[in-house]
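Peer 1: These protein sequence lines map, in sequence, to chains A and B.
Start counting the first sequence at 448; every next residue gets the next number (my numbering).
Start counting the second sequence at 10; every next residue gets the next number (my numbering).
None of these hints come from the bench; they were simulated from the model.
Be a bit skeptical, because a hint or two may be false.
[As the list claims (entries may be wrong)] Selected chain A positions facing chain B (in silico; Cβ < 10 angstroms): (1) D720; (2) E756; (3) I757; (4) M803; (5) I806; (6) N811; (7) L812; (8) Q886; (9) A985.
The C-beta atom is built at its ideal place from N, Cα and C for all residues, glycine as well.
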Amino acid sequence: MKHYTIAAALASVALLSATAACGSGGSTASGGSSSAPGGGQSSSSGSSAPAGYDPAHAGGTLHLVANAAAGSLDPQVNYTLQYWQLYQASYDGLLAFTKTAGDASFTVVPDLATAMPTVSDGGKTYTFQLHSGIKFSNGQPVTTKDVVASFERIFKVSSPTAGTFYVGIVGATACLAKPATCDLSKGIVADDAANTVTIHLTAADPEFPYKLAVPHASILPADTPGKDMGTTPIPGTGAYYFASDDPNRQLTMKRNPYFKVWSVAAEPQGYPDEIIQTFGLTVEDEVTAVENGQADWVYDPLPADRLGEIGTKYESQAHVNTLTAMFYAPMNVNIAPFNNPKARQAVNWAIDRSAMVKIYGGTNLAAPACTFLPPDFPGHVDFCDYTAGGGATWTAPDLAKAKQLVQESGTAGQTVGVVVQSDDVNKQLGEYLQSVLNQIGYKAVLKPISPNIQFTYIQNTKNKVQISISSWYQDYPAASDFLHVLLSCASFHPGSDTSINISGFCDKPIDTQMDAALTSEQTSMTQANTMWGQVDKAVMAQAPTAPLFTPKLIDFTSSRIKHYEFSKQFYMLVDQLWVK
Amino acid sequence: MTATSTVTTPSALAPARGPWRTALADLARDRTAIASFAILMLIVVVCLLAPVYAHYIAHTDPFQSNVSGTTVVNGKTVPVLAPTTSGLGLGVTPIGPTGDVHHYFLGADSQGRDVMARLLYGGRNSLLIGLSSALICCVAAALLGVIAGYFGGVVDTILNWFFDVIWAFPVYLLAISLSVVLLTNGLRLGPLSVQAGSLWLPILIIAAVYVPYVARPVRGQVLALRGREFIQASIGIGGSDVRILRRDVLPNIAPMVLVFLPLMAAINMLTEAALSFLSVGVQPPAASWGTIINDGLGLLYTRPTVAIAPGLMVVITAVTLNLLGDSVRSALDPKARLRGAA
């Protein structure tokens, strides 16, 4: 998922949990038992006062601040952490990642389903029993019809992951070709009487439970229009509902009057009565607001000149977390100058990753990256094709080699637009990249764009973006979530705002390698991860992107905030914060 | 013996001075004007010497990032961007003012660039944009104002509509809107082609948005002139429009336009600073005082010099231009001189 704030690659913890998760997934597919990646168990029974919930701390208004809104509020369209964090408390899928702190947050558990699905037909059929009595925030009950309609809507709204996560559903290929008339009646079979839903896949997919646990697979009312709803809130089943969204001012979430806890692990009761996210302040002002207790949390990357102050004077309010994430510079492989592999390799040779790390906040907040898969992520192999002097990890840039490659490519002197988000940190990163491009022989022009639209802007081929800076935070702990989602042919949709393959990279041999790795996941996750490592090497040889660094995340909260919990899957659990 | 002598007045002895020489003499006696002009010239000269400072004194490239670089302070080699070592060890801080002209005299910005060198280069751009746009604006405004006032009729109506349309927009909003569009796509207007990122874009945009502010009073002056006897006489004896405009109208509106020039330069320089501060003026890595203030915005807490230094330069230059403008107006306006004499 796309993210704007500070975050980092989680190393061993992610690997351990992911390996465990995927391992169980592998056995699930062939077994026909009711398990899945993440090893989820049956949900706990619902109750209005779940164990562990402390009603004494319920109430109050949680005030979040962000520089800008994050685009569409539609959970099947939006692909940013800024809103995905909020969706955790407002929308549910058939499955969910456990809303808890630590490694357990990678575990997939039943959500609107009463239990983990029964997997049969060699991993190609998933059968879910739905909970009874769950209602949307508009009072409508959740039915099997809503489930079918929601999956069809993923294609109707051209969800960013429609072509990667859900294309394996029977009938999905036709839906991708003709979204408006998407019909998944053969792929998703509802049984109203039994209150079950059966999903048929064209091939076994051990990662499928993960894909059902992300917001794009949220179950929405069947009568939700099959178009991007923009700022119009869609009713959900979570503890909160979106009451209003004004992208120029404020987003408001209120308690869902129809919500009753049915699974503490999947959708716990929240603490604040109201959650608001205010837009428009500069990040400097956001930090000051939190320091003064006028706001409770800063979403955006913290400004460089405040980090020292935050890390010393407000040490107890700064929560530094390691993550599985990456900052990278996608290069458009379909237009000049980066349609020339040598030009792309030159950029990789030229970038001083340690400079990028410094701009981001120093070595305690980021580490140089050389591979597409973050360190210690499933499939990651230590190698570095673009470091001076060689070696398995990045040590220094090689400007001479970069300049030579630019000359050899015949692209020297060309104008290159660098599209970045206009917030302080990203703009600084962009300015540095611009300087590097100028040094190696290009005429670089910096184009800062509001964070509200930059992510979709750089995806659309119509905008002819040559190079940009973006970041990627795992949707779930599997190598495919980086390599297949970001660089496969299936993720490239020319002319669309939801073409997450920003580079437009579509290399048939590498795509075949990815497919083989995905297939291999059905039998051996270890072998599959080895194959993903080889894919990573093949990708970096083509250099469609320049990995920059793996970031860490600082959550800076106000002094009144208590009960801070950090999910490694979706980061700070917003609705679990105590404001009183 | 009585002697008689003829008393001659100085005015009778010296040839009569023209209005321009009189104005120049007045300016030469005006201490404020001299001081303002001297300060302005000092700023201009120092800014023109930016390459000398950067290449031969500071030995730095103010347009290249130097994030991983080092410098020398008190004989010790230190990183240009120093990491925080206390507390959680978060963040890096650019080196502050060293007072050493050879090594980051005013410190570094977030990209590790020498602020002093960028300040001088930025001054070149700010002054160039301020003065050029003022010149273009005044020339264009004079031309349009004269045409509207002299020819009247449909021409006057159309030009007035044009001025009204531009005036209908808040000037900064119009400038920002034009900048946002043109900075992305560049400007292509017939044979005129300006690339995105060129300094000509802010120059032309700023000049364009202020045209009505000068053209309106010029038009009014020409309207008044047109009814005067000497113009009517010229028309009566069959003088061509071009001759009347050249010989009778332009000399009479020139003082007004000259008075506007320094004032518009100050206003335009402030507008440039505002646009660049909002990232829609001069584009990085080029510098102007506005862009440096923007760069310093993120360092206000740790390195305020980065924002304060260019801010001071903007203030000083704008004040000197305004004072100079006032003096020029006093010198060129006979009524003002009479008031002063009274």
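Peer 1: Taking the numbered hints from earlier one at a time, note which ones the structure violates and give those numbers from smallest to largest.
Peer 2: 1 and 9
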